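S.K.: Residues per chain are reported as follows:
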Amino acid sequence: DTGVSQDPRHKITKRGQNVTFRCDPISEHNRLYWYRQTLGQGPEFLTYFQNEAQLEKSRLLSDRFSAERPKGSFSTLEIQRTEQGDSAMYLCASRAGTNLPGELFFGEGSRLTVL
Amino acid sequence: GDSVTQMEGPVTLSEEAFLTINCTYTATGYPSLFWYVQYPGEGLQLLLKATKADDKGSNKGFEATYRKETTSFHLEKGSVQVSDSAVYFCALIQGAQKLVFGQGTRLTINP
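Just so you know, the sequences run in chain order F and B.
The first sequence begins at 316 in the working numbering and counts up by one.
The second sequence begins at 9 in the working numbering and counts up by one.
These are computed hints drawn from the structure, not numbers from a lab.
Heads up, a few of these hints could be off.
Covered by chain F, per the in silico footprint, the following chain B stretches (three or more residues, Cβ under 8 Å) [to be verified]:
#: 1; segment: 52-60
#: 2; segment: 98-109
Now the stretches of chain F that chain B is said to cover, found in silico as 3 or more residues with beta-carbon under 8 Å [said to hold, decoys possible]:
#: 3; segment: 335-343
#: 4; segment: 378-386
#: 5; segment: 391-402
No experiment lies behind these values; they were computed from the predicted model shown.
Using N, Cα and C, we set each Cβ at its ideal position, and we do this for glycine too.
Excised from the complex, chain B in its bound form (with noise of 0.2 Å):
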């Protein structure tokens, strides 16, 4: 079935440092692909999504790129801040009404 593999954390960063998240997915298709982010205390939220090839989706200065020939949708920043410490999914959606999560990505900056 349709899985996503997300890069193992926690991840550790100085604030300013640049990011990326690896993301990787199988499935038999063409699904849209999502980022969400969990800050501490709160509810996922959608961060950004690609519905097709080679689309990128950015968002609060975040950006990843739909690549269908490598399966993947690395998430990436320029110049992470405090704020952006959270858990991160990638996920995937294709046909039905299940999106596919990865098992997250712990992400800290620290100052």
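The shape of chain F in the complex, shown without the other chains (with noise of 0.2 Å):
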């Protein structure tokens, strides 16, 4: 499969305790994004990368949210003392530089709970 993937698909947590997302993109897309999508909702920026570089970042991420690319490849989403309202779909999209800013390949999700 040469899609973007995405890992945990399903992470249960307490609220307080640090949680890590992964996404790999697509091998050839250097731009990648990260959105979050909550129940009966449209899915919401969080941030952007080109390459290793976070171009854009969402008021919604606040302090607690870190997002990284360290080689340009595979990002990371951190969330620190995680809250229960951070409970939700954390969507990993990614693109080739060929592609319309708004053509984004999204993985199917890392589903956060927070209890």
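The task is to assemble the complex, starting from two chains supplied on their own in separate frames and drawing on the hints.
M.R.: What follows is the structure in structure tokens.
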């Protein structure tokens, strides 16, 4: 499978714990995005990387959230001191420079449940 | 800021019925418009797109026309199938890198 891969697919954690999600984009895609989707809502933009540079961050990305893409390939999204309001589906997407800015290839998501 | 509004769901139709899912947008400039689809257990997939006024995007029998005068991008299909059951998201992008999505419309097609 050469699509966008996310791991883990499901994570249940207790409030206050840290969690980390990993995203492996399609190999030739140099742009990578993180979105968050809560039940019954559309995805909301969190952050965007071009190669290893984080070029845009949403105000939704509080100080407890950090995203990295150290070598311009896979990316991680870490949430520290999780809160119940962090429960959501975290989506990763990627695209090549030849795609339009809105033409994204999404992974299946990592579902977070904070108890 | 930019926003997208979709018709409330869920929508339930019989096979071979005509489908319309309404989408309107608010944007200060001239965004590109998209429909994404999420089938059960799968990730979001791009269904179709339009980048300027009066463009018609089409794919898999679905169509949507970019109407600047009504700020709309309604999704239509002439004859739906059970396999079209999914959640459909209208979205826009303008300048910046972030897609702005509507809340999604769940579609169920009964045989």
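S.K.: Now tell me, hint by hint, if it's right for this structure.
M.R.: Do the hints match the structure? See the list:
1. 52-60: holds (count 5)
2. 98-109: holds (count 9)
3. 335-343: violated (count 0)
4. 378-386: This one is violated; 0 residues, fewer than the three required, reach chain B with a Cβ under 8 Å.
5. 391-402: violated (count 0)
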